[in-house]
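Protein chains: 6
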Amino acid sequence: MAKLIEYKDMNPRAKAVVDGIARARGADPADINNVWKALARHPDIMEGFAAELKAAMAPGKLDGLTKELVYLAVSMANQCEYCITSHGYMARKKGMDEEMFGEFIAVVLAAQKGNKIATAYRVPVDAAFEEK
Amino acid sequence: MAKLIEYKDMNPRAKAVVDGIARARGADPADINNVWKALARHPDIMEGFAAELKAAMAPGKLDGLTKELVYLAVSMANQCEYCITSHGYMARKKGMDEEMFGEFIAVVLAAQKGNKIATAYRVPVDAAFEEK
Amino acid sequence: MAKLIEYKDMNPRAKAVVDGIARARGADPADINNVWKALARHPDIMEGFAAELKAAMAPGKLDGLTKELVYLAVSMANQCEYCITSHGYMARKKGMDEEMFGEFIAVVLAAQKGNKIATAYRVPVDAAFEEK
Amino acid sequence: MAKLIEYKDMNPRAKAVVDGIARARGADPADINNVWKALARHPDIMEGFAAELKAAMAPGKLDGLTKELVYLAVSMANQCEYCITSHGYMARKKGMDEEMFGEFIAVVLAAQKGNKIATAYRVPVDAAFEEK
Amino acid sequence: MAKLIEYKDMNPRAKAVVDGIARARGADPADINNVWKALARHPDIMEGFAAELKAAMAPGKLDGLTKELVYLAVSMANQCEYCITSHGYMARKKGMDEEMFGEFIAVVLAAQKGNKIATAYRVPVDAAFEEK
Amino acid sequence: MAKLIEYKDMNPRAKAVVDGIARARGADPADINNVWKALARHPDIMEGFAAELKAAMAPGKLDGLTKELVYLAVSMANQCEYCITSHGYMARKKGMDEEMFGEFIAVVLAAQKGNKIATAYRVPVDAAFEEK
Numbered sequence: 000m001a002k003l004i005e006y007k008d009m010n011p012r013a014k015a016v017v018d019g020i021a022r023a024r025g026a027d028p029a030d031i032n033n034v035w036k037a038l039a040r041h042p043d044i045m046e047g048f049a050a051e052l053k054a055a056m057a058p059g060k061l062d063g064l065t066k067e068l069v070y071l072a073v074s075m076a077n078q079c080e081y082c083i084t085s086h087g088y089m090a091r092k093k094g095m096d097e098e099m100f101g102e103f104i105a106v107v108l109a110a111q112k113g114n115k116i117a118t119a120y121r122v123p124v125d126a127a128f129e130e131k
Numbered sequence: 000m001a002k003l004i005e006y007k008d009m010n011p012r013a014k015a016v017v018d019g020i021a022r023a024r025g026a027d028p029a030d031i032n033n034v035w036k037a038l039a040r041h042p043d044i045m046e047g048f049a050a051e052l053k054a055a056m057a058p059g060k061l062d063g064l065t066k067e068l069v070y071l072a073v074s075m076a077n078q079c080e081y082c083i084t085s086h087g088y089m090a091r092k093k094g095m096d097e098e099m100f101g102e103f104i105a106v107v108l109a110a111q112k113g114n115k116i117a118t119a120y121r122v123p124v125d126a127a128f129e130e131k
Numbered sequence: 000m001a002k003l004i005e006y007k008d009m010n011p012r013a014k015a016v017v018d019g020i021a022r023a024r025g026a027d028p029a030d031i032n033n034v035w036k037a038l039a040r041h042p043d044i045m046e047g048f049a050a051e052l053k054a055a056m057a058p059g060k061l062d063g064l065t066k067e068l069v070y071l072a073v074s075m076a077n078q079c080e081y082c083i084t085s086h087g088y089m090a091r092k093k094g095m096d097e098e099m100f101g102e103f104i105a106v107v108l109a110a111q112k113g114n115k116i117a118t119a120y121r122v123p124v125d126a127a128f129e130e131k
Numbered sequence: 000m001a002k003l004i005e006y007k008d009m010n011p012r013a014k015a016v017v018d019g020i021a022r023a024r025g026a027d028p029a030d031i032n033n034v035w036k037a038l039a040r041h042p043d044i045m046e047g048f049a050a051e052l053k054a055a056m057a058p059g060k061l062d063g064l065t066k067e068l069v070y071l072a073v074s075m076a077n078q079c080e081y082c083i084t085s086h087g088y089m090a091r092k093k094g095m096d097e098e099m100f101g102e103f104i105a106v107v108l109a110a111q112k113g114n115k116i117a118t119a120y121r122v123p124v125d126a127a128f129e130e131k
Numbered sequence: 000m001a002k003l004i005e006y007k008d009m010n011p012r013a014k015a016v017v018d019g020i021a022r023a024r025g026a027d028p029a030d031i032n033n034v035w036k037a038l039a040r041h042p043d044i045m046e047g048f049a050a051e052l053k054a055a056m057a058p059g060k061l062d063g064l065t066k067e068l069v070y071l072a073v074s075m076a077n078q079c080e081y082c083i084t085s086h087g088y089m090a091r092k093k094g095m096d097e098e099m100f101g102e103f104i105a106v107v108l109a110a111q112k113g114n115k116i117a118t119a120y121r122v123p124v125d126a127a128f129e130e131k
Numbered sequence: 000m001a002k003l004i005e006y007k008d009m010n011p012r013a014k015a016v017v018d019g020i021a022r023a024r025g026a027d028p029a030d031i032n033n034v035w036k037a038l039a040r041h042p043d044i045m046e047g048f049a050a051e052l053k054a055a056m057a058p059g060k061l062d063g064l065t066k067e068l069v070y071l072a073v074s075m076a077n078q079c080e081y082c083i084t085s086h087g088y089m090a091r092k093k094g095m096d097e098e099m100f101g102e103f104i105a106v107v108l109a110a111q112k113g114n115k116i117a118t119a120y121r122v123p124v125d126a127a128f129e130e131k
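Residue numbers (numbering that gives the first Met the number 0), protein chains in the order written: chain A, 0 to 131; chain B, 0 to 131; chain C, 0 to 131; chain D, 0 to 131; chain E, 0 to 131; chain F, 0 to 131.
For reference, chain A alone in the conformation it holds in the complex (with noise of 0.2 Å):
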């Protein structure tokens, strides 16, 4: 397991990341949740990731919900079980309900399939399909 440094216990650099995302979020920084007291241990990555994170899931011309699904389908590739019980409930509190989770794990699985497909057999690219 992560070793884990609690908010009280972080230097001002940490505590100054975990401000950020608490005072966003209306929360107790407190209450900041493990992956941010595990990377305490080293600022640097610490406040490189919350930057790149908050840039990425911003709402742009992709919705809020539509980033955490993607987000969502990565770590479900990946195999990440942090990831994914983080980002799904993101996704709840975004709007995602029980039938559109249905509907999520739906292309989840079929784009698993077609991409061990066009694995097994060792399809080539379509020309057609290329960028121009």
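No wet-lab data here; the hints were simulated from the structure. Computed from a predicted structure; not experimentally measured. Every residue gets a Cβ at the ideal spot worked out from N, C-alpha and C, and that includes glycine. Among these hints, one or two may not hold up.
[As the list claims (entries may be wrong)] On the chain F side, residues computed to face chain E include the following (Cβ under 10 Å):
1) Tyr-6
2) Ile-20
3) Val-34
4) Thr-65
5) Lys-66
6) Ser-74
7) Gln-78
8) Met-89
Since the structure of chain A is already known, use the hints to place chains B, C, D, E and F on it.
Quick look at chains B, C, D, E and F alone, frame taken from chain A:
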């Protein structure tokens, strides 16, 4: 490279699958893409995948583009070049422009980093994220 | 692409490995396949892999074809095109016909789906399945 | 951990799937294993997987044990603990003894090494291995 | 294949990233390698990756060659041919000779086997290995 | 969980492997770690892995710590928790301090991102990187 079977050489069951796909796309069965030419060796698997794909990708509570992005995210995580190319093409046909593609990749990269952080630090799942 | 060393240019230790493989197959050492031409750079690794492969693939309580199918299944799951091609060839030489290949792929795809379902839903292991 | 639905709380479609599985195994539906309790949330996916699994795993030209070993090989390559445990159990029920399990793991490890060698050295596919 | 943007056709932000890399290498910006020609589509991602890469790979308490070997090990495990080739080149430039390359691959293969043994046998983590 | 065999219950071949490891570490064979208790079921595999690991990890032109970092990098990429924990422990014993661990993870994350960028954009290998 895959052993590919051209439409004219397919057996009736395989032809029927291709006919259904070509009709839905308003395309010529002879122009069917390579994955179906490869699957034509095994009509059982071909019929099963065509049916699963059609059901999974049909717009429901999640729209067609969102489903393509989920499919594409899984394919990138799994490093399936055929699927990245074919479903990148489908996503563009369903409305993904260059800016959305950039946002999409940013989420994929953030997810990839988040997945690896959770692994590298062995972060335990927070109870707060669990489904009730 | 790999830096490949032709048989005539290999050092004595690498040549000895190739001689052993060629003799077992009743083939010309000059026709040895690419993986050995690549490994010839590092005779230690080459000797180790040749010995491990020979011991693992020899018929035992599991017959030669079953072992090829297991090897092929791992290679498909890992998306190793070289190994899918070379061990697909070996499996056909040991008796895999087109119908068996179809059945084999159907199992690989079912396993792939089962694996992903277990991950996506985070299914806990049943106590009943544990070894005593 | 998965949100699991006990048999008595399943909807009729999910119950029907479990009844079919329990009947085939001569077992009590209440003892159904966790993957089905998790899938009961989404009857479409559950029915699809039950049908695909039943068709894929039925003895054909490949016998039942060989199919279990292929399933197990994929699950080990994909690092799916649930599937390693459940299909390890199934393989033992279908005749895998300790010696066969040792031979099986030796092949999995050799394949894993062969896959990684092909990747590390970027070995090009030999023309001789291609299907005609 | 990637849609590649040549240096002369890049927008100013992308050009600035390439200028920085070329200057550090004492090379002509027009000879920049393909990954940057591909990333030039999305300057945000390009700037972020250039900065992250520069910070991560700079010699620190770990020297430059050790960092290249860690990068190469990840790329082999992930089967990224582009990265195996580019960082293999970088490692050789930073001092990796043929003998070191052989030792490196031997460790990668041993790790791969150790990983798969832990998975296949479902080995529980020893308490003695946990960080205090 | 693995079926683990305690040292006192191992057969002579397995005991001999453990004796060799314990002697090299100046430790009590009864305290051998879990991977060897699991492997004791299959002495052939156990002997093979012990010999391969010993040869691969011995200091050569690459020092012991560098080799541990390569092993750890592969294990993180492959998401092997057992190996991350055990070889994290070994790396700390061989001199990895907290700062080096932070630098190491930064490289792993940069590599992971580079790998995924190459995949997502389908970047073709530059001719300049090829080995002569």
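Earlier hints that do not hold, by number: 1, 2
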